[in-house]
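**Student:** With chain W held as given, fit chain Y onto it using these hints.
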Amino acid sequence: MEAAVQIAERHGGTTTVLTVGPPAAEEQLRYAASVGVNSVVLVPTDGSDWDPQRTARAIVLAAGELEAESPFDLIVFGNESADAGGFQVGVRVARALGRPMINGAKSLEVTDVVATVERESDAGRVVFTVPLPAVVGVKEGINLPRYPTMKGRLASKKVTVTTIEPTASAGGQSLVTLVTPPEVMTSTTVLGIGPDAAPAVADLLTEIGVLK
Amino acid sequence: MLVEHDRGALAPAALEAMTFARSLGAEVVALTVGAAADGLAEPLARHGAIAVYQAHHDLLGDYNPEAWGDVLAAAVRSLQPDFVVATGTDVGNEVLANAAAVLDVPMVANCLAVESVDPFTVRRVRWGGSLIERATVDAAVKLLTVAHHAIEAVPAEVAGDLDVVAFDVALDERVARSAVVDRVERAAGITLATAPVVVSGGRGVGSADGFGPLEELAALLGGVVGCSRAVTNNGWRNHADQVGQTGTRIAPSIYIACGISGAIQHWVGAMASRRILAINTDPQANMVAKADYAVIGDLHQVVPAIVAEIRRRREAAG
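Protein sequence lines, in the order shown, are assigned to chains W and Y. Residues in the first sequence are numbered consecutively from 0, following numbering that gives the first Met the number 0. Residues in the second sequence are numbered consecutively from 0, following numbering that gives the first Met the number 0.
Extracted from the complex, chain W is given alone in its bound form (with noise of 0.2 Å):
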């Protein structure tokens, strides 16, 4: 949300934001208009655990709609969600609608006809640069997202929150249990109390051979 408006700002333009969960989402939708976004767009769930695919399917829809007015410049993704962390309903955005797409964005610019997308890898960064229209998804550290204002949100309050109900179809994956992961019971060698303790932890770093 906080590089969808500060584009907007820098480059003109107007924010909408999209999400797909149950009614209580609502309450994000508002947030979002009081940190600046324009427009706020639920596709609403009955709360059950949405696939990917379907995910997908519904955003794909919902923009169809949304775009017969005019066309979006750029999507915006998170690179995953927190929760679900399933990796995917960007690319699969991008390439039902035919746009390019970027994940893992650590930096993004963009001009009237490009984006340009910054990553890191494990050598250092990775440097894309897509046209415009396309579709970037974005990882946490690329900014750091203002709080809202007053006005801001007295603006959320007055917000409309436009429903769109796409049919989506379910894909092939099935949530069946959520477990906790076995608790790795460690037993805790304590090497000691205050610096006292920096012989036996040097002993350790030799040990293990990281002192040399």
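Here chain W is said to cover these stretches of chain Y; the calculated rule only asks that three of the stretch's residues, wherever they fall, bring their Cβ under 8 Å from a Cβ of chain W:
| hint | region |
| --- | --- |
| 1 | 169 to 178 |
| 2 | 193 to 200 |
In silico contact screen, one side only, chain Y against chain W (beta carbon under 8 Å); selected entries:
| hint | residue |
| --- | --- |
| 3 | Ala96 |
| 4 | Met106 |
| 5 | Ala108 |
| 6 | Gly127 |
| 7 | Ala134 |
| 8 | Val136 |
| 9 | Leu220 |
FYI, nobody ran anything at the bench for these hints, they're computed from the structure. Given the structure is predicted, the values throughout are model-derived calculations rather than measurements. Using N, Cα and C, we set each Cβ at its ideal position, and we do this for glycine too.
**Tutor:** Below, chain Y without anything else, positioned relative to chain W:
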């Protein structure tokens, strides 16, 4: 098996994914994208591939998620495999998602293991590893990425002869738009993700300047400095140094966590460390409970004492 590489250098995660692929009980055919990867046939054979398909095309000079996805989709259509396995990394997840979108089939990211074949059920990572999902997959071909650091890469017991097959692929010229256009290589060789030693600080460090002794310790051990989210939120260090679910996943020989309480989001980024040493004033801290070793005390005294002890030993050794 889609082989992740960076202009011919095999990604460490690729061998983990090979080990996972072998565990599925089928014959493993590797797909390398771009001529730069032709030299990878030997390590792939050692890790159990019976054949390597080498995709060549003018548009495959450097990494390109759209082009790699199209190549993989073409290979799936041509070879009709039961499974497609890739690395659970930025590149692996991205390419598999592209292929899954083209083929309109499911893709399951960051799998840990296959639990049953009928119905096909996998265990996969959610919430960055703090929850495990059991999920069924209903598709003729199952596209799976393998959670990085979850599996140890093991060479095959018998490395057989490997068929090398040229895989000619037609690509739409339009995919050129998604190619890497530039790279900014980091100056130093080691990174947070690959460092043998990571010395991290949390809220307990107290300030940006407080990281000085941690920098010294890391330098003495040939390691790098990391931090928790509290530190980046306070602006003491860059997000690039953050260890955790939304930062970097690390896997060093030893992780030295100084003044870090060990929230679950931090833990999932650190849990692949071989050993953990927690330095904390609070013996009840999560990080201390989960660590292999602990020093109970103030990091501002303990870390300089360790630095001094290492210097003393080095001088004594001449």
